[in-house]
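Start from the sequences and build out the full structure, keeping to the hints where you can.
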Amino acid sequence: MTASPELQREMLRQMQTIRRFEERASDDYHNGAIYGVVHCYIGEEAVAVGVCSALNKDDQIISNHRGHGHCIAKGADLNRMMAELYGRQDGYCKGKGGSMHIADFSIGMLGANGIVGGGLSIVTGAGLAAQLEGKGRVAVCFFGDGASNAGSFHESLNIAARWKLPMLYVCEHNSWAANTSSRMTHARDDVASRAAGYGIPGVVVDGNDVLAVYEAATDAVARARAGEGPTLIECKTYRWRAHTERPGAADPRPLEEIAAWMAKDPIQHLVDDLKQQQGQYSDAEFQALDDAVMSAVAAAVAFAEASPFPAPEAALDDVFAD
Amino acid sequence: MTASPELQREMLRQMQTIRRFEERASDDYHNGAIYGVVHCYIGEEAVAVGVCSALNKDDQIISNHRGHGHCIAKGADLNRMMAELYGRQDGYCKGKGGSMHIADFSIGMLGANGIVGGGLSIVTGAGLAAQLEGKGRVAVCFFGDGASNAGSFHESLNIAARWKLPMLYVCEHNSWAANTSSRMTHARDDVASRAAGYGIPGVVVDGNDVLAVYEAATDAVARARAGEGPTLIECKTYRWRAHTERPGAADPRPLEEIAAWMAKDPIQHLVDDLKQQQGQYSDAEFQALDDAVMSAVAAAVAFAEASPFPAPEAALDDVFAD
Amino acid sequence: MREISYARAGMEALVEEMRRDPTTIHLATDAPPSLVEEFGEARIRATPITENAFSGIAIGAAGSGLRPIVNWSMVTFCFVAMDQIVNQASKIHYMFGGQQTFPIVFRSSVGGGTSLAAQHSQSPYSMFMNLAGLKLILPATPYDMKGLLKSAIRDNNPVLSFESTRLMGFKGEVPDDDYTIPLGVADVKRTGSDITVVALAWLVHEALAAAEEMAKEGVSVEVVDPRTLFPMDNETIRASVQKTGRLVIADEAGPTAGAAAEIAALVTEDAATFAALKAPPKRVCALQVPIPYSPGLENHVFPDRNRIIAGIREVMAAG
Amino acid sequence: MREISYARAGMEALVEEMRRDPTTIHLATDAPPSLVEEFGEARIRATPITENAFSGIAIGAAGSGLRPIVNWSMVTFCFVAMDQIVNQASKIHYMFGGQQTFPIVFRSSVGGGTSLAAQHSQSPYSMFMNLAGLKLILPATPYDMKGLLKSAIRDNNPVLSFESTRLMGFKGEVPDDDYTIPLGVADVKRTGSDITVVALAWLVHEALAAAEEMAKEGVSVEVVDPRTLFPMDNETIRASVQKTGRLVIADEAGPTAGAAAEIAALVTEDAATFAALKAPPKRVCALQVPIPYSPGLENHVFPDRNRIIAGIREVMAAG
Ligand SMILES: Cc1ncc(C[n+]2csc(CCOP(=O)(O)OP(=O)(O)O)c2C)c(N)n1
Ligand SMILES: Cc1ncc(C[n+]2csc(CCOP(=O)(O)OP(=O)(O)O)c2C)c(N)n1
Ligand SMILES: [Mg+2]
Ligand SMILES: [Mg+2]
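Chains as they are written, first to last, in this note's numbering: chain L, 1 to 322; chain S, 1 to 322; chain U, 1 to 319; chain V, 1 to 319.
No lab work stands behind these hints: they were computed from the structure.
Mixed in with the good hints there might be a few duds.
To be verified - Listed next, the stretches of chain L that the computed footprint assigns to chain U, with coverage defined by at least 3 CB atoms under 8 Å from CB atoms of chain U:
id : segment
1  : 94–104
2  : 116–128
3  : 155–169
Here a beta-carbon is modelled for each residue, glycine too, at the ideal position from N, C-alpha and C.
Printed below as a string of structure tokens:
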């Protein structure tokens, strides 16, 4: 299925939001307002947005350590995201989680996760719940090429395939796991080639083409809702920035490789598509979009700054539920 | 490569030894001389014997909870095996291990293992050591269809394939993991179909035909010694007995299924082959072989009975090496 | 009152709670036929041998509105799933700011005594005590098993239920009607005035036997069973030791940084209890070694009523 | 003497031992370029993100004649590998009757203080203390790091090296020549006569600062650093407490069944030490919660010099 013009514009807005949000998060991390660690998704926006555009609000996703893009694409509130990064009371996790643990169960965002491969089985449990509920919900796992080598990938895909769970496993293949190239770690570079062993479709997509991602996801969602089981979608993409924003950390990736991928900017790609398809899309229109996005990010920062730090004793709350 | 007549007779001797050894172990378990748990390999003898016949003494294997067959095929001493089952001082593990933990590092038998999937990575480390040593040694993993769904299968095969380790991964597909049918647990029943995802050969063999297993193993060993990396060999076979020898334990397997597989007895299969190929092989010859095997088993029992129980305080030894 | 076994009591708790609440599901490598018959294959899932995956599946299902009950079978197998327990289940409610509950029970059998050797004879509950975010139960009788397991299933947090291998066939009185035992409440299994024995699981029964024996010598032994390891009922334990002034702790696990160490520490760090102590508290635990196979070796490693008696005598003699 | 950082001291130990023994290999998800350059890709393996597999690979390689050094990076990631640690590495020498040695070092960083939240701020060393069959080191200075890590690499058993995140940049004197520190020997980091503080890793330095502070008030604090958690140097700890009669235990981990509980128990169960105690021993540990992200919350959870001082005052006041 192809995306309507409106949907394409919405996709563009989301991608630009992810980018601007993270540019700001990176700045604020470097100037000390955000703590711990920040992993940026910039360059990979088309994957989260393409997939989530094919979902309903009550469908569920799970993310990994690089979670801002997935959150935003699933509809998370920028204010509460930024407040969480700022470690404030009104953050999604009341300041307990930070960048690596943002979740919003009310919109089906089951959380970022600091453990590579950790989310694969958890979201498979959401797929099981969806199947038992029988209302056609689907569950989606976002994970990296690095995670695809973890045992939990194999265990989860085999179970989901055997139980015909309504799921999408979306591998964001950016060719690097921290500072290790996937050429060092993958017996076969195409992760999708593993799908055959589970008797499920394995699809390779240009992960910088949001419309291609959307189409692949739409097909897989239809398959899942029809009770035909999971699909493995491998999106070839690239992160523009180092593994984390930590100043001075090594980044062994060749500069030409980075430059080549930056030339394939997913946002520019969609802008070009829009211009081509619908002659009327203009630079001015994009500028207006970006202005709106920038205001939303600025508002999120203002919200975060206005939110108090949690009281120290709040550290003792939420260990157990009632 | 086809096995020489002498080798075929040796294979027959080993298979018959496994069977008679375990018949005795089962009896002695039921009469209380052997403790804990005993998992019998009877019906699957052709796998261990076919594979180990393709190995040298300094090649290494690892086993699982169903380990007697692998031990015997790799050349373990029946006396010390039986003494271990009897919990005696002269057992392979000085009475500390029992059936699930027999090992003999001096013959490249890296141990039985009570954790399903636990041995897959350990033996991959032996393969790494063999590669670094550079003397052409290979390492072999025996594991069940149940283990093939564990994360360690995926992690280990991907690494072995990527590093081109000199290894054989031998799946003993007996269609059951304890009381659960592989139809319930495998998205695709053929485990070998997963090899393609790692870019390595995946071979399916009649696991009750020792000569077929031997040929497949010989090819894979040659490939491994040539530095071309691992092979996944799936042997279709069946266990004749319940999952463990525990009296009264449930065995949900259909009687017809058991009967059908018993009709494909791997020992009878080789006897028939020998008779056909070498008209001279006679029932009398087989009888003589069996007599010799029975004496060896009886001698092992006598050895075990003569060996003392370890002193209670020996429980404190061997926690740490010097 | 009717008597049923410890294993049966666990099964009754499970079945009754699964009847009570249709959002409960059961995940294990084995799908017990009686459960499949009553609840169907949709709710009773036979999983591949993937403790890591099906423990994670339980977490995701719990976060999506179900109440999973996982059976790892032996505790041994949970180590394959440890990432999901340590990094996810124990922290997920907290690190997401309490926005979602994760009601899950993870059942497993613990302990030795059946010649299953090192891997299959483990009592590692203390490993989970130092983690925050998990509740831990360790029942010693059929009555406690049923009541605690029901509470665990109704609890909105991940609860680990450690069930003693040695007690599976042990019979005891269990009422017919529905009852629960609150988590975090110890049980004084025998009252006494001279010395407190805090005993866990199988060793509760060995301690009771030891108490019987010591009574003949005129020593009055109080036996306290914490039943829940986290939260631990510090008050009941301290009150008992304040009364008796003496403490022996009996645990089938090794002593080092074990539940027994925690019990010793919680008693001695409390000013009033410390002041009441007449002698050093004593741990009667397994020897700090892996568990060997051969019965003579294995028996040498585990504590039993005789070692508890020796421990009681030692403490009585000390002050 | 030259001063180098704690992290650098670890790297020196690794490099020197890898030069010394060509059977050593290094396994981690990251292959540090300097190591690859010196030792080559064959010995310095960049693994996929498969802590379970590469920990198992280390065991098999060790059993086949190599001496693997594994770096899990954060201790967090070892939970994926727990089956290989708990069910295999700790038991394999014993359950095979001692027929083969398994010389392996598993390195990881522990602790909090860097706003990395619950999963990435763990100090779970006590989980491994209750297991039998593993040696455990926890160095607090560059000197100890280098000497202990060298001993660990030369040891013929699996050794877990827990290395404090907070101390990575901490500098201290380290001699140029080869030296080792035997496993199982505690170090009295400061002598004193009024109270003993047994402190671990980062808290050794906080305890020293607290001691300095208390000296101004005329309280003489002895600071003991066990350095090795298993085997624990019971003698040195007990001797110190027998001298001072008072004990505070400072640990960045939570108290429950933690290393601090073990230290409390080993002190109080010893008759002579128990007799010498003037006040209840006190644990100054992290609060028993997962570690939160926001700095104010995180600081509230961890112990520091101020809480140690408060603990010392409390114990001094008690008797
Ligand atoms: C089990 C585990 N091991 C190691 C790490 C450290 N780590 C964090 S992110 C990362 C790389 C992940 O690569 P990939 O899955 O490809 O995701 P990407 O960062 O490329 O998006 C590593 C090794 C971890 N978080 N979890
Ligand atoms: C991790 C783990 N989970 C569960 C078990 C219990 N268990 C022992 S053997 C077995 C079945 C193994 O099946 P398979 O691998 O096919 O080997 P087979 O017994 O058929 O030879 C199970 C579930 C175990 N030993 N380890
Ligand atoms: Mg990647
Ligand atoms: Mg099987």
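Right, here's what the structure says about each hint:
1. With 7 residues having a Cβ less than 8 Å from any Cβ of chain U, the segment 94–104 of chain L passes the three-residue criterion, so the hint holds.
2. With 10 residues carrying a beta carbon less than 8 Å from a beta carbon of chain U, the segment 116–128 of chain L meets the three-residue requirement, and the given coverage holds.
3. Taking a C-beta to C-beta cut-off of 8 Å, the segment 155–169 of chain L contributes 6 residues in contact with chain U, enough for the three needed, and the coverage statement holds.
In terms of the numbered hints stated before, the structure departs from none.
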